[in-house]
Amino acid sequence: MTYQINVFEDEYHSEVVARVKYNEALDYWDGRNWTNGGLGRHLGITKLKDGRYVLIYGTHWQGEKDYGMIVTSEEALNEILKSNNAELLDQKKFEDLRTLAEAMNSEYEIE
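To convert, note that position 32 of the sequence shown is 239 in the working numbering; the numbers rise steadily by one, no gaps.
No wet-lab data here; the hints were simulated from the structure. Hints may be right or wrong, so weigh each one.
Calculated cross-link-like contacts (lysine to aspartate or glutamate; reagent style EDC-like; alpha-carbon spacing at most 20 angstroms) [unchecked claim]: (1) Lys299 with Glu281; (2) Lys228 with Glu216; (3) Lys256 with Glu222; (4) Lys299 with Asp257; (5) Lys256 with Asp303; (6) Lys254 with Glu281; (7) Lys228 with Asp217; (8) Lys300 with Asp234; (9) Lys289 with Glu302; (10) Lys228 with Asp257; (11) Lys254 with Glu222; (12) Lys299 with Glu282; (13) Lys254 with Glu302; (14) Lys228 with Glu286; (15) Lys254 with Glu282; (16) Lys228 with Asp273; (17) Lys272 with Glu222; (18) Lys254 with Glu216; (19) Lys256 with Glu281; (20) Lys299 with Glu286; (21) Lys254 with Asp297; (22) Lys289 with Asp303; (23) Lys254 with Glu294; (24) Lys254 with Asp234; (25) Lys272 with Glu218; (26) Lys299 with Glu231; (27) Lys300 with Glu231; (28) Lys289 with Glu231; (29) Lys289 with Asp237; (30) Lys299 with Glu309; (31) Lys300 with Glu282; (32) Lys256 with Glu282; (33) Lys272 with Asp234.
This structure is a prediction, so every number in the text was calculated from the model and none was measured.
Build the full structure now, drawing on both the sequences and the hints.
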(Lines of atoms letter the chains of each structure in order from A and count residues from 1; the text may use other names and numbers.)
(Lines give C-alpha, C1' and ligand atoms only; values in the text may rest on other atoms or scores of the structure.)
Protein backbone atom coordinates (compact mmCIF):
# COMPACT_ATOMS: atom_id res chain seq x y z
CA MET A 1 0.00 0.00 0.00
CA THR A 2 1.57 3.29 -1.09
CA TYR A 3 0.31 6.59 0.21
CA GLN A 4 1.61 10.06 1.01
CA ILE A 5 2.33 11.38 4.50
CA ASN A 6 2.96 14.88 5.80
CA VAL A 7 6.53 15.93 6.61
CA PHE A 8 7.27 18.43 9.37
CA GLU A 9 10.35 20.53 10.15
CA ASP A 10 10.19 19.91 13.91
CA GLU A 11 8.53 17.82 16.61
CA TYR A 12 5.82 20.44 17.13
CA HIS A 13 4.25 19.58 13.73
CA SER A 14 3.57 23.25 13.20
CA GLU A 15 3.78 23.39 9.41
CA VAL A 16 3.77 20.79 6.65
CA VAL A 17 6.94 21.31 4.57
CA ALA A 18 6.55 18.35 2.18
CA ARG A 19 4.66 15.15 1.44
CA VAL A 20 6.45 11.84 0.78
CA LYS A 21 5.59 8.23 0.06
CA TYR A 22 5.26 6.13 3.19
CA ASN A 23 7.81 3.35 3.69
CA GLU A 24 9.11 1.12 6.47
CA ALA A 25 12.66 0.75 5.08
CA LEU A 26 14.31 0.90 8.53
CA ASP A 27 12.26 -1.87 10.10
CA TYR A 28 13.93 -5.10 11.20
CA TRP A 29 12.67 -8.53 12.21
CA ASP A 30 12.58 -8.84 16.01
CA GLY A 31 11.77 -12.54 15.93
CA ARG A 32 8.02 -12.03 15.84
CA ASN A 33 7.28 -8.84 13.90
CA TRP A 34 8.74 -6.25 11.55
CA THR A 35 9.27 -3.24 13.80
CA ASN A 36 11.47 -0.33 14.73
CA GLY A 37 10.65 1.60 17.84
CA GLY A 38 8.29 -0.66 19.72
CA LEU A 39 5.10 -2.61 19.33
CA GLY A 40 3.07 -1.28 16.41
CA ARG A 41 5.76 1.24 15.46
CA HIS A 42 7.64 1.46 12.18
CA LEU A 43 10.42 3.62 10.75
CA GLY A 44 11.25 4.57 7.19
CA ILE A 45 13.58 6.97 5.45
CA THR A 46 13.67 9.01 2.27
CA LYS A 47 15.38 12.02 0.78
CA LEU A 48 13.70 15.16 -0.52
CA LYS A 49 14.62 16.69 -3.88
CA ASP A 50 16.39 19.52 -2.03
CA GLY A 51 18.72 17.01 -0.35
CA ARG A 52 17.20 16.95 3.14
CA TYR A 53 16.49 13.60 4.80
CA VAL A 54 13.18 12.53 6.25
CA LEU A 55 12.56 9.88 8.86
CA ILE A 56 9.11 8.36 8.43
CA TYR A 57 7.31 7.38 11.62
CA GLY A 58 4.57 4.80 11.19
CA THR A 59 2.07 3.50 13.70
CA HIS A 60 -0.68 0.92 13.94
CA TRP A 61 -2.20 2.61 16.97
CA GLN A 62 -5.71 4.00 16.66
CA GLY A 63 -5.82 7.78 16.95
CA GLU A 64 -2.20 8.25 15.86
CA LYS A 65 -1.10 9.24 12.36
CA ASP A 66 1.98 8.40 10.31
CA TYR A 67 4.25 11.39 9.68
CA GLY A 68 7.71 12.41 8.52
CA MET A 69 10.33 14.58 10.20
CA ILE A 70 13.28 16.42 8.65
CA VAL A 71 16.61 15.21 10.13
CA THR A 72 20.31 15.88 9.61
CA SER A 73 22.51 13.61 7.51
CA GLU A 74 24.14 12.33 10.69
CA GLU A 75 20.76 11.44 12.22
CA ALA A 76 19.68 9.68 9.01
CA LEU A 77 22.91 7.66 8.88
CA ASN A 78 22.64 6.77 12.55
CA GLU A 79 19.12 5.36 12.06
CA ILE A 80 20.22 3.32 9.04
CA LEU A 81 23.15 1.82 10.94
CA LYS A 82 21.16 1.31 14.15
CA SER A 83 18.53 -0.70 12.27
CA ASN A 84 21.18 -2.88 10.57
CA ASN A 85 19.96 -1.78 7.14
CA ALA A 86 23.37 -0.63 5.82
CA GLU A 87 22.46 -2.02 2.37
CA LEU A 88 20.37 1.15 1.94
CA LEU A 89 23.68 3.01 1.59
CA ASP A 90 24.11 1.29 -1.80
CA GLN A 91 21.12 3.22 -3.18
CA LYS A 92 22.01 6.25 -5.29
CA LYS A 93 19.87 8.61 -3.20
CA PHE A 94 21.87 7.70 -0.08
CA GLU A 95 25.37 7.84 -1.62
CA ASP A 96 26.32 10.93 0.40
CA LEU A 97 25.43 9.02 3.57
CA ARG A 98 27.71 6.22 2.41
CA THR A 99 30.52 8.77 1.99
CA LEU A 100 29.78 10.10 5.48
CA ALA A 101 29.89 6.56 6.92
CA GLU A 102 33.21 5.87 5.20
CA ALA A 103 34.65 9.13 6.55
CA MET A 104 33.48 8.25 10.06
CA ASN A 105 35.02 4.77 9.82
CA SER A 106 38.40 6.10 8.70
CA GLU A 107 38.31 8.79 11.40
CA TYR A 108 37.79 6.20 14.16
CA GLU A 109 40.00 3.46 12.75
CA ILE A 110 42.26 1.87 15.32
CA GLU A 111 45.88 1.59 14.21
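(message) For a quick check of understanding: which of the numbered hints are violated here, in increasing order?
(response) none
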